[in-house]
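Participant: Those protein sequence lines, which keep their order, are chains Z and Y. First residue of the first sequence? That's 12 in the working numbering, and the numbers climb one at a time after it. First residue of the second sequence? That's 82 in the working numbering, and the numbers climb one at a time after it.
These are computed hints drawn from the structure, not numbers from a lab. All residues carry an ideal CB built from backbone N, CA and C; glycine is no exception. Incorrect hints may have been included.
To be verified - Straight-line alpha carbon distances no greater than 20 angstroms define the calculated EDC-like cross-link-like pairs of lysine to aspartate or glutamate that follow:
#, chain 1, residue 1, chain 2, residue 2
1, Y, K366, Y, D356
2, Z, K171, Y, D488
3, Y, K177, Y, E254
4, Z, K171, Y, E242
5, Y, K177, Y, D356
6, Y, K354, Y, E242
7, Z, K300, Z, D348
8, Z, K274, Y, E235
9, Y, K177, Y, D195
10, Y, K178, Y, D230
11, Z, K171, Z, D348
12, Y, K178, Y, E241
13, Z, K300, Z, E236
14, Z, K171, Y, E381
15, Y, K354, Y, D231
16, Y, K177, Y, E442
17, Z, K274, Y, D208
18, Y, K476, Y, D351
19, Y, K476, Y, D488
20, Y, K178, Y, D356
21, Z, K274, Y, D284
22, Z, K171, Y, D231
23, Z, K171, Y, D179
24, Z, K274, Y, D231
25, Z, K159, Z, D285
26, Z, K159, Z, E294
27, Y, K366, Y, D182
28, Y, K178, Y, E242
29, Z, K171, Z, D212
30, Z, K274, Y, E242
31, Z, K274, Y, D230
32, Y, K435, Y, D351
33, Z, K150, Z, E170
Claimed, not checked - Residues of chain Z placed beyond 10 angstroms of chain Y at every Cβ, according to the derived structure:
#, residue
34, T90
35, L139
36, Y153
37, G221
38, A254
39, K274
40, V276
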Amino acid sequence: MTRLLIMAAISLVCAVVIGCSAPPVSGGRSASEQIISKTDTVLPVAVSDVNGKRIFDALPPYELTTGLTGKIISIGESTTTNLVARIATEFRRMYPDVAIQVTSSPMSIGPAALLDGRADLVPMSRPLTPEHLQSFTRKYGYPPTEIKVAADALAIYVEKGNPVTGLTLGQLDGIFSQTQRRGGSSIETWDQAGLTAEWADRRITLYGYGPDDGAHQIFQQQVLEGGAFRLSLRVEGGGSSIAQGVAADPGAIGFASIFFTCKRVRVVPIAGYDGRFYAPTEENVRSRKYPLSRFLYIYVNKPPRQPLGGPAEEFLLFLLSREGQQIVADGGNIPLDVATAEQGRRTLAD
Amino acid sequence: MGKVKKLKTAITIEMTQAVRLYLRTCQVSLVLGICIALFVCGGCATPTKNPAKEEPRQISETDSNQPIRPAELDELTRAFADRYVGLLYSACDALKKDNPDPVQRREAQVLMVDCATNIYDIASNADAFTRMLDLVVVTTLVSQVWIDDDRVSEVFAGREELLIQALHHGRVEAWALAAQVLRPDQIDLLDYLLWDWRRHNPDMSRVSFVRFSNFAIGRGKSANAEVLAAGGFYANVGRQGQAIDEARLLAERMFYMLKREPTLLRWQVDTLKEDICNALDDRIKQADATVTNMRAVVSEANGLVTSIGPTSKSLNEMLKTADDLVARYDTWNRWSIAQGSRPFDIREYTEAVKELSVVAEKMNDVLKSSNELLGSSEWDRRIQQVSQSADERMKIAAEQSQRVVHDAFWRVYVAIGILFAMFILFMVAVFLIIRQLRIVTVNAGDAARKEVSK
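Work out the full structure: start from the sequences and follow the hints.
Facilitator: In structure tokens form, the structure reads like this:
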């Protein structure tokens with residue numbers, strides 16, 4: 012009898028403790044969920060935008076299908092994966108029976124996952140290398156399908172007070188490279204880049220991504236022509252760290268996606284192939300006049316003349332639709348022009 | 082024979098009870114011993130001690146291929162928290178020093194207190210991994226608000242350099258800490274999440290309360306889970322609670338926070354003082370503005386009165402002339418003067434206006450004197466009095482809160498002492514009972530033996 016009483020007392024205490032520590036019933040949403048709902052109000056998917064024509068307004072709207080179920084696994088490079096994650100949030104809302112797993116990984120993991128059949132979508136911020144394409148073709152007998160999903164630009168950032176008006180690719184090579192394959196001279200202080208007065212003697216500090224990042228590889232190919240970066244390059248973990256590193260250092264220069272621009276930095280116009288200077292505006296990026304323009308890609312394993320099918324195809328169709336490209340734009344990336352989006356849709360239909 | 086059996090049974094029962102009593106005493110003493118040991122261990126443990134008896138390693142010495150140990154991360158995060166607060170304190174102190182602008186002084190103070198409170202709150206978190214992520218979140222968001230969004234130039238124009246360096250340095254160090262635990266792609270993801278959150282919350286300037294758990298995004302699982310489950314360098318840290326004594330960790334966290342509480346309290350008191358002074362400054366400014374307005378009104382009134390003077394004089398003369406004319410006309414035509422009605426006399430109004438002018442001048446003097454009072458050292462003295470009294474009250478509050486903590490600890494120690502004394506008494510009593518029982522048993526045995534021999 013005494014034992015029973017003791018057990019009852021213990022149960023009562025446990026119940027009270029659990030009751031006190033349980034999340035409140037009212038509201039029923041955690042802080043993180045509230046943040047999501049806030050974000051959702053910031054990023055509405057407006058089918059029609061009455062405030063002026065935007066490039067994606069000319070794209071066809073997405074048509075919902077019924078009874079879509081299944082799972083999508085996306086493994087790929089972080090910049091494009093972040094975009095995929097934003098699209099996935101909306102896609103999941105439209106198709107609650109589709110499970111989507113989005114994982115960002117180092118640059119080399121995505122192509123390997125596509126080759127092994129572990130991933131349905133492989134987001135990349137640069138095209139696959141010939142080695143990756145060869146391995147895939149050797150295994151499946153056809154190359155992986157490349158879909159361009161957004162445009163992006165590698166911006167050159169300097170501190171907001173830096174008066175530099177523009178730089179050529181040769182000057183960037185002189186600043187960032189220790190090999191100077193473009194044939195220019197080494198540039199280590201700002202007077203060598205044309206600045207005068209109090210800026211002349213300032214040493215240039217370099218900020219950028221690490222060698223595993225797609226932006227690092229693209230910059231190395233397009234600007235350094237495959238040459239080596241200076242050892243003084245301060246490698247930061249992410250684009251916002253690069254932008255802030257530049258913001259906090261008046262003598263600094265750095266490269267990162269245009270996505271990370273902020274008030275305390277200035278984006279430097281770069282001389283295009285026609286010799287004129289171009290800022291990385293949407294128009295200049297789409298027209299490729301800005302020389303450090305790039306696309307963001309998703310690779311899929313689609314046999315030729317066979318539909319990709321399933322939720323992965325619907326996901327890509329949504330991404331290439333008006334609504335999908337609006338999410339791209341709202342998230343800070345540059346949406347595709349109509350022709351490129353149409354080309355992607357045709358590739359999926361082929 | 083039956084008596085012997087009964088006696089044997091009685092002895093056996095007595096012995097069994099004595100043994101049970103002894104065993105229970107042992108159990109109780111064991112439990113008490115564990116409690117005391119735990120308390121003593123917890124009390125003696127300091128944040129600087131390595132809990133797992135591992136040699137502490139420097140950040141630079143950490144081999145990037147080796148997973149970081151929970152004890153190391155525990156230590157590194159707390160050390161970083163202290164360094165960050167110290168860094169911020171130096172920068173904010175320099176911003177406040179000899180700064181005549183009360184807004185700048187207040188902003189620097191609030192930034193310091195906000196950050197320090199939240200950083201220490203994070204540092205006393207149970208899980209080292211969550212602690213590390215939260216530290217990265219807070220240092221990054223604070224630096225984004227002040228540096229990237231250039232709030233530093235808006236608030237501390239001309240003095241921003243020191244704060245920029247401090248915040249940027251703190252952020253770099255936090256990410257260096259994260260780089261020991263997370264893979265590069267996870268770092269990139271975290272960086273993006275923070276940036277994206279800031280993009281969607283651009284007006285939020287007080288960000289030090291934001292935690293990593295706020296960043297769960299629609300990825301099929303939370304970002305936190307993704308980072309934790311991705312099998313990074315720190316895959317085993319989430320299960321640290323299974324391996325490490327939780328009671329000691331709790332005590333350590335408690336002591337960590339308690340040791341820093343007086344500093345935080347002092348800073349909060351400073352903030353309050355700053356607020357009171359600023360409120361008084363505002364009041365003085367408002368009073369000054371009111372006085373200035375009043376003086377302007379009064380001087381306008383003076384001007385009006387002065388201008389009315391000559392005008393009324395000429396008008397008076399004109400009316401006088403008219404009056405004379407009327408008087409002459411009156412003498413010529415007496416029958417037309419109405420009885421009982423007094424003619425309009427502008428002199429009366431002139432007198433009134435003159436009186437008004439005197440009143441206005443007096444009022445002006447009163448306002449002047451109040452203005453002088455506000456600008457005088459007397460007012461300064463009063464502000465100082467208010468400040469001192471607030472200071473004293475805060476001091477008393479701080480002392481009282483410290484006393485509460487001391488009292489609580491004192492009571493716990495007394496309770497343990499009493500328990501220990503009771504335990505000793507209990508052991509002595511048991512010992513005596515057992516000895517008594519033995520004597521009884523021996524006597525009973527002797528008696529039984531005697532009876533048997535009889």
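Participant: Compare the structure with each hint and give your call.
Facilitator: Do the hints match the structure? See the list:
1. Y/K366 with Y/D356: 15 angstroms, holds
2. Z/K171 with Y/D488: 56 angstroms, violated
3. Y/K177 with Y/E254: Given pair Y/K177, Y/E254 is violated - Cα atoms ~25 angstroms apart, limit 20 angstroms.
4. Z/K171 with Y/E242: 14 angstroms, holds
5. Y/K177 with Y/D356: 14 angstroms, holds
6. Y/K354 with Y/E242: 26 angstroms, violated
7. Z/K300 with Z/D348: Roughly 15 angstroms separates the two Cα atoms, so the pair holds.
8. Z/K274 with Y/E235: This hinted pair holds, its Cα atoms lying about 12 angstroms apart.
9. Y/K177 with Y/D195: It holds: about 16 angstroms lies between the C-alpha atoms, which stays within 20 angstroms.
10. Y/K178 with Y/D230: Violated, because 25 angstroms separates the two Cα atoms, which is more than 20 angstroms.
11. Z/K171 with Z/D348: Distance ~31 angstroms between Z/K171 and Z/D348 Cα, so the pair is violated.
12. Y/K178 with Y/E241: Holds, at roughly 14 angstroms.
13. Z/K300 with Z/E236: Holds: Z/K300 and Z/E236 sit about 19 angstroms apart, inside 20 angstroms.
14. Z/K171 with Y/E381: 50 angstroms, violated
15. Y/K354 with Y/D231: At roughly 28 angstroms apart (the allowed maximum being 20 angstroms), Y/D231 and Y/K354 break the hint.
16. Y/K177 with Y/E442: 44 angstroms, violated
17. Z/K274 with Y/D208: At roughly 35 angstroms apart (the allowed maximum being 20 angstroms), Y/D208 and Z/K274 break the hint.
18. Y/K476 with Y/D351: This hinted pair holds, its Cα atoms lying about 11 angstroms apart.
19. Y/K476 with Y/D488: 18 angstroms, holds
20. Y/K178 with Y/D356: Distance of about 17 angstroms is within 20 angstroms: holds.
21. Z/K274 with Y/D284: 14 angstroms, holds
22. Z/K171 with Y/D231: Status holds; Cα separation ~10 angstroms.
23. Z/K171 with Y/D179: 28 angstroms, violated
24. Z/K274 with Y/D231: The hint holds at about 6 angstroms.
25. Z/K159 with Z/D285: 26 angstroms, violated
26. Z/K159 with Z/E294: Within the cut-off at roughly 17 angstroms; holds.
27. Y/K366 with Y/D182: 14 angstroms, holds
28. Y/K178 with Y/E242: 15 angstroms, holds
29. Z/K171 with Z/D212: Given pair Z/K171, Z/D212 holds - Cα atoms ~18 angstroms apart, limit 20 angstroms.
30. Z/K274 with Y/E242: Since the Cα atoms of Z/K274 and Y/E242 sit roughly 16 angstroms apart, the hinted pair holds (cutoff 20 angstroms).
31. Z/K274 with Y/D230: 5 angstroms, holds
32. Y/K435 with Y/D351: Judged against 20 angstroms, a Cα distance of about 54 angstroms means the pair is violated.
33. Z/K150 with Z/E170: Not satisfied, since the Cα-Cα distance of roughly 49 angstroms exceeds 20 angstroms.
34. T90: 8 angstroms, violated
35. L139: Nearest chain Y Cβ is 18 angstroms from Z/L139, so the label holds.
36. Y153: 29 angstroms, holds
37. G221: The claim is violated: Z/G221 sits with its nearest Cβ about 6 angstroms from chain Y, within 10 angstroms.
38. A254: Nearest chain Y Cβ is 7 angstroms from Z/A254, so the label is violated.
39. K274: Given that some Cβ of chain Y is not farther than 10 angstroms from that of Z/K274, nearest at about 4 angstroms, it is violated.
40. V276: 8 angstroms, violated
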